[in-house]
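Colleague: Single-letter residue listing:
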Amino acid sequence: MNVTYYPGCSLEGTARDYADSIHGVCAALDIRLQEVPDWNCCGATAAHCIDHAASIGLPARNLKQAAQLPNSDMLVPCPMCFNRLRTAVWEQKEKGAQTDAELPQIWDLANFFAAEGMIRKLSAQVRKPLKGLNVVCYYGCMASRPPHITGATDYENPQSLDRIVAALGGTSVAWPYKTDCCGASLMISRPDMGYKLVGKLYDMAKRVGAQAIVVSCQMCQANLDMYQDKIEAEMSRLFRLPIIYFTELIGLAFGLPGTKGWLSRHFTDPLPLLRKGGLLD
Amino acid sequence: MQQTGLSPDFGFLERAEAAGPFNAAECFQCRKCTNGCPATFAMDLYPDQVIRLAILGRKEEVLHSKTIWVCASCETCSTRCPNGVRIAELMDYFKELAVRLGIPSPEPAVTALHQTFLENVRYTGRVFEGALLPVFLLRSGQLGSKLEKGTWRDEVKLGWQMFRKGRLALVPKFIQGKGEISSILRPSK
Ligand code: SF4
Ligand code: SF4
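Protein chains in written order, with the UniProt record's numbering: chain X, 1 to 281; chain Z, 1 to 189.
Any given hint could be a false lead.
What the hints assert, rightly or not - Below, in silico cross-link-like pairs of lysine-lysine (BS3-like), each with a Cα-Cα straight-line distance of 27 Å or less: (1) Lys149/Z <-> Lys178/Z; (2) Lys149/Z <-> Lys196/X; (3) Lys178/Z <-> Lys64/X; (4) Lys178/X <-> Lys32/Z; (5) Lys66/Z <-> Lys200/X.
In short, the hints are calculated from the structure, not lab data. All figures in this text were calculated on a predicted structure; none of them were measured in a lab.
Please put together the full structure from these sequences, using the hints given.
Modeller: Here it is as structure tokens:
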């Protein structure tokens, strides 16, 4: 199956682990990723905050570029990019501008993998079920909100990651902070705010007995993973919670050889937990 | 001109709605937006108060507030508002307006980061993370204070760790359509 793929800027940098795991898992599932030709940045938080025209114009150029490929599905791993692309489509429709009938369906990556047919494919390829792994699924903001943009119907209690974890043989523990904001957009300019929001998430994850947090957003991942030391120091508590991409979990359960390499890029080391659980040598 | 409660600018909301529409006039002050907002601890006005003041034409209070800048854009408010008020989008409109009117930001670091980010995109077409933080630190004037307090070491350490773990690209990727990008972005001042 060929699909159009819009990686977004951070998958070429901070989120290389996410990018590599997506490529690895898609290859295993025979999904061929065709990158949007000469794609540009979606503008992210900065554009929608201070340059509205650009926040529509930048993703609109990507849609135009994507139209060069014949595929009917477009996979977007970054929830921010996903959100901005869908906003551009929505606003162009709203303003009555012609929308391209050739436009592919824009998918949030986790939702694509959680669709029924894909879940069956996932279960069929599991070689090492994630037995004994208790995680919480963390969805953050952008893949589900606002629902008129994302098309989400279960936006207060999303299920995609939970379904994927279950298909892989793991256990996702219920918790109340599935969709609470991690403050990613403020982590650099107001780290005090970011620390407070993330600290709250760690605390709750621990309270419900999670061993790791599963994410599908590279901003959430970086935010929860890279500053964990600092937040621990600030709160005088140790959390040591690995922040794992759902695609890495798929790699683990499929027994893909690249998985260990992806996981070694994390700041909060997930390897001890996975070794102890017998999920990785 | 400093606006007082008695000299409201009633055109304020009208002009905003023409740019939106944000449905602000539908607000019946139930405070559902504020009750779910994760950032109230850093705000000087609650989200429902921003909406209320906008309706009342109290432009200066809105545009000078910290709230519009420390809003985390999480969209919880817009999602939950029973009247379809697009609160988060309205906050964005206010930020952009404040920048256009040259109102000094009460959260200079937040504003500087957005500006640095877009300049970065203008230059390469994609974000080059390797330059984002250093340029931001220079631009926001935080470099000086970090040097003074010695906290610059934290930044260097983080950068080094990212590099070691292969999470920092060292060269920017220039796209072919760079010319298109600079015509999409508003000219920088
Ligand atoms: S939730 Fe909507 S109606 Fe209620 S106070 Fe906020 S903006 Fe007004
Ligand atoms: S979008 Fe901003 S104002 Fe609305 S709930 Fe989130 S942080 Fe609060």
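Colleague: Please flag the earlier hints that this structure goes against, numbers listed from lowest up.
Modeller: 1
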